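**Q** Read off the chains here:
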Amino acid sequence: MVGLSAGEKHFLQGGIAQDLRSDGRKRLTYRPISVETGVIPQANGSARVRIGATDVIASVKAELGKPNPLQPDKGKVSIYVDCSPTAAPMFQGRGGEELSTELSVALQRSLLGGKSGAGAGIDLSSLIVVEGKICWDLYIDGLVVSADGNLLDVLGAAIKAALSNTGIPKVNISAAASPEEQPEVDISDEEFLQFDTSGVPVIVTLTKVGRHYIADATSEEESQMSSAVSFSINRHGHICGLTKRGGAGLDPSVILDMISVAKHVSEQLMTELDSKISAAEAYEAES
Amino acid sequence: MGPRDGGGIGDLAGEMEVDAFRLLFPLRFYERHLLESIRPDARPLGTARDTSVALGAVGSADGSALAKIGHTTMLAAIKMEVMIPSSESPDEGCVAIEFHMPPICSPLVRPGRPAVAAPVISKQLSDVILSSQMINLKELSLITGKAAWMVYLDIYCLDADGSLFDAALLSAVAAFSNLCIPAVSVNEDGRVIASSGENREGKTMKELLNKEKRKLTLSCIPFSLTCILHKKYILADPTAEEESIMETLVTVVLDSSTRLISLYKPGGPFLAYTSVVQDCIALTSRRVKELQKIISEAISDMEAD
Amino acid sequence: MAGKSATAPTTYSPSPSQRKQKPIFKDVDWVRPDGRGFHQCRPAFLRTGAVNAASGSAYAEFGNTKVIVSVFGPRESKKAMMYSDIGRLNCNVSYTTFSTSVRGQGSDHKEFSAMLHKALEGAILLESFPKTTVDVFALVLESGGSDLPVVISCASLALADAGIMMFDLVTSVSVSSLGSNLVIDPITEEESCQDGSLMITSMPSRNEVTQLTLTGEWSTPKIHEAMELCLEACSKLGKIMRSCLKEAASASQE
Numbered sequence: 001m002v003g004l005s006a007g008e009k010h011f012l013q014g015g016i017a018q019d020l021r022s023d024g025r026k027r028l029t030y031r032p033i034s035v036e037t038g039v040i041p042q043a044n045g046s047a048r049v050r051i052g053a054t055d056v057i058a059s060v061k062a063e064l065g066k067p068n069p070l071q072p073d074k075g076k077v078s079i080y081v082d083c084s085p086t087a088a089p090m091f092q093g094r095g096g097e098e099l100s101t102e103l104s105v106a107l108q109r110s111l112l113g114g115k116s117g118a119g120a121g122i123d124l125s126s127l128i129v130v131e132g133k134i135c136w137d138l139y140i141d142g143l144v145v146s147a148d149g150n151l152l153d154v155l156g157a158a159i160k161a162a163l164s165n166t167g168i169p170k171v172n173i174s175a176a177a178s179p180e181e182q183p184e185v186d187i188s189d190e191e192f193l194q195f196d197t198s199g200v201p202v203i204v205t206l207t208k209v210g211r212h213y214i215a216d217a218t219s220e221e222e223s224q225m226s227s228a229v230s231f232s233i234n235r236h237g238h239i240c241g242l243t244k245r246g247g248a249g250l251d252p253s254v255i256l257d258m259i260s261v262a263k264h265v266s267e268q269l270m271t272e273l274d275s276k277i278s279a280a281e282a283y284e285a286e287s
Numbered sequence: 001m002g003p004r005d006g007g008g009i010g011d012l013a014g015e016m017e018v019d020a021f022r023l024l025f026p027l028r029f030y031e032r033h034l035l036e037s038i039r040p041d042a043r044p045l046g047t048a049r050d051t052s053v054a055l056g057a058v059g060s061a062d063g064s065a066l067a068k069i070g071h072t073t074m075l076a077a078i079k080m081e082v083m084i085p086s087s088e089s090p091d092e093g094c095v096a097i098e099f100h101m102p103p104i105c106s107p108l109v110r111p112g113r114p115a116v117a118a119p120v121i122s123k124q125l126s127d128v129i130l131s132s133q134m135i136n137l138k139e140l141s142l143i144t145g146k147a148a149w150m151v152y153l154d155i156y157c158l159d160a161d162g163s164l165f166d167a168a169l170l171s172a173v174a175a176f177s178n179l180c181i182p183a184v185s186v187n188e189d190g191r192v193i194a195s196s197g198e199n200r201e202g203k204t205m206k207e208l209l210n211k212e213k214r215k216l217t218l219s220c221i222p223f224s225l226t227c228i229l230h231k232k233y234i235l236a237d238p239t240a241e242e243e244s245i246m247e248t249l250v251t252v253v254l255d256s257s258t259r260l261i262s263l264y265k266p267g268g269p270f271l272a273y274t275s276v277v278q279d280c281i282a283l284t285s286r287r288v289k290e291l292q293k294i295i296s297e298a299i300s301d302m303e304a305d
Numbered sequence: 001m002a003g004k005s006a007t008a009p010t011t012y013s014p015s016p017s018q019r020k021q022k023p024i025f026k027d028v029d030w031v032r033p034d035g036r037g038f039h040q041c042r043p044a045f046l047r048t049g050a051v052n053a054a055s056g057s058a059y060a061e062f063g064n065t066k067v068i069v070s071v072f073g074p075r076e077s078k079k080a081m082m083y084s085d086i087g088r089l090n091c092n093v094s095y096t097t098f099s100t101s102v103r104g105q106g107s108d109h110k111e112f113s114a115m116l117h118k119a120l121e122g123a124i125l126l127e128s129f130p131k132t133t134v135d136v137f138a139l140v141l142e143s144g145g146s147d148l149p150v151v152i153s154c155a156s157l158a159l160a161d162a163g164i165m166m167f168d169l170v171t172s173v174s175v176s177s178l179g180s181n182l183v184i185d186p187i188t189e190e191e192s193c194q195d196g197s198l199m200i201t202s203m204p205s206r207n208e209v210t211q212l213t214l215t216g217e218w219s220t221p222k223i224h225e226a227m228e229l230c231l232e233a234c235s236k237l238g239k240i241m242r243s244c245l246k247e248a249a250s251a252s253q254e
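Chains as they are written, first to last, in this note's numbering: chain H, 1 to 287; chain W, 1 to 305; chain F, 1 to 254.
A couple of the hints might just be wrong.
[Stated by the list, open to error] Under 7 Å between C-beta atoms, here's a sample of chain F residues computed to sit facing chain H:
1. 31
2. 121
3. 125
4. 205
5. 210
6. 211
7. 213
8. 218
9. 225
10. 227
11. 229
12. 231
13. 232
The hints are simulated quantities; they were obtained by calculation from the structure and are not laboratory data. Everything numeric in this text was worked out from a predicted model, so none of it was measured. Cβ atoms here follow ideal geometry from the backbone N, Cα and C, with glycine treated the same way.
All chains should be modelled from the sequences, with the hints used to inform the complete structure.
**A** Dropping the structure here:
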């Protein structure tokens, strides 16, 4: 937890009210973003994203599995976030567990869409190999290395970068003897299919401090928040997930106002992330 | 502290502070009542609290019942699943009984730390229900050696106010009397599947496995009564407060023809004399008649609906 | 329940786990399985004082969803807890093994406890019980859809029954989006094939939203529509809960 003196609190809140935050940003400006891809060679895809002092690594591992009998035409994705004890003193022991679960649930909600699979950022039906028999299971792991606020947005960006870095091996299916049996598969070492990430949304969190709300809050600013709303917004400007944090109530009209602001912010963030990701991939290909 | 002191405190307290006296000197409070052969809730010593049973309380179960003894509330529900019977007893089904004390039922239970009493009562319940021969396990067989019923009986304590075992057993027995075994047939893969009404009229008509045996025959139904022994007094059907103050408990389980199935006296500072045990059994046999009436009324109420 | 299934792994429920014909929700003239209108909530039955052993409790029944919530405290915080000049709120949601059609499936709702906590904490005057803890425990007896909203509403009723000070009652309602339709207070069958869902937890008299979650893809006008629907239903539910509390209070006075 961040301890602030009364003077610091006043300075911080006053800055936000005047649209000039302690680090010189405007209310809706993000800190500088840096993206690195392919940081973990064993994973099918990985990325490290830093926004300000918040540092996060995401990895994607693909394994062959069996689809859920209730949804035979879909693959499975599981998202898990771990908060490293090095990131903040409060994560030591079991302290980070609650936050880890909260972040994992929020990311699942943002990326996986409704129960029927509609609105999912990750197209689950593209993960199917043989309907009802074999599918890809994607294990997405996020690791918070250093925490300085706005974890959810950074994790969302890291997962987006890791997914666009992901190559799923091509699978050759030898014809099965009978429909009852499990078909034999041959996983190619050379051919990879690029994962389609055009539908993956970005997450924008608006944190309410005093009467105003700010984007990309640092942990100092987060300590002064009354509530925060995270929006996950895709390329079409549609909301794909929404999570509210913080106990204080919000007026419904404020939420609707926040939605339109978040949309505007997400467009800029999406463009910036896309260029950063492609630059990182180009750099990785060169080296 | 002598009796004079206690009396003095009682006089000092007066009418207004009965509750304080009850909290500070619970044992003295009770003993004063016992002298007059009455309990703080206005019951005579040998009388149980108001008891009620409602059948079919859970829609998603195959058989269920809600039993209330005073404030103590138990919800029992049975789910039937299919299993492959063990090779030792190929023509018998199985009954699994579990007693749960969720954190809602008592201030003493907290999530993550299960109640100490729950596994004890679980074990007692399965011992009594299985040893009483109430259920003929052969009736649970579907295909000898291939398929049999696994009966999952889960009992949840919703409100714990003493005599948990009595209430749990009552709800378990009532749930069994409410049990309606689903009609099943065998499909091509050898799996047993439920045959719904639509299926029967459709072209995939299959032989029903269990046409007749849709209800279990319950013989020798067990009923129980817990009593507290304190000095020369026997208190039937104690509340949670009584159980916490006076520690010697005796639980007697009799079947419907008043044969003794189980007698359980878990420690406590008071020794039970033969005559006291006989008194407990006599109280229980009176209670069995009451409970039988309550159950049969619940069943006839259910049938009338 | 994991241990249970490990000892008897061979059992299975005879009722088919997969429905053969998926109901077609996308039709315009589609009728909900229980015959309700799209914007019609299930009839609610609410009672306080369900559990005698608790400081306050409530029972809620919305169609087939049946929930009991007990509130204990304010009582001493656990020994390991640090000093705190505001009270703590501890929430837990559990399911009975028979709450779902297949035995023991209801237990995978770990996040519900955290969500219940988040929905309630903004409404409670935590300053009114420093150094102590209020425990809110919920048990879902039967799960029939919209479980979490029912648990949240029932929990706020139980808190009121326990005499815990709150700014307002907390009411919660969810909406499912099925094709082009929005259906309020969905049942399990509708939830299992929904395209998206939106749940609002609000304090109706203060016109504030304490908790809001959304899944699936939504356009802004649709969010507007769903929020309006939910808030309207929340204020109606708030009135029902208020009258339930008034009834209980006048009954205890007599």
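**Q** Of all the hints numbered above, which does this structure not satisfy? Sort the numbers upward.
**A** Of the numbered hints given earlier, those the structure breaks are 1, 3, 4, 9, 11 and 13, listed in rising order.
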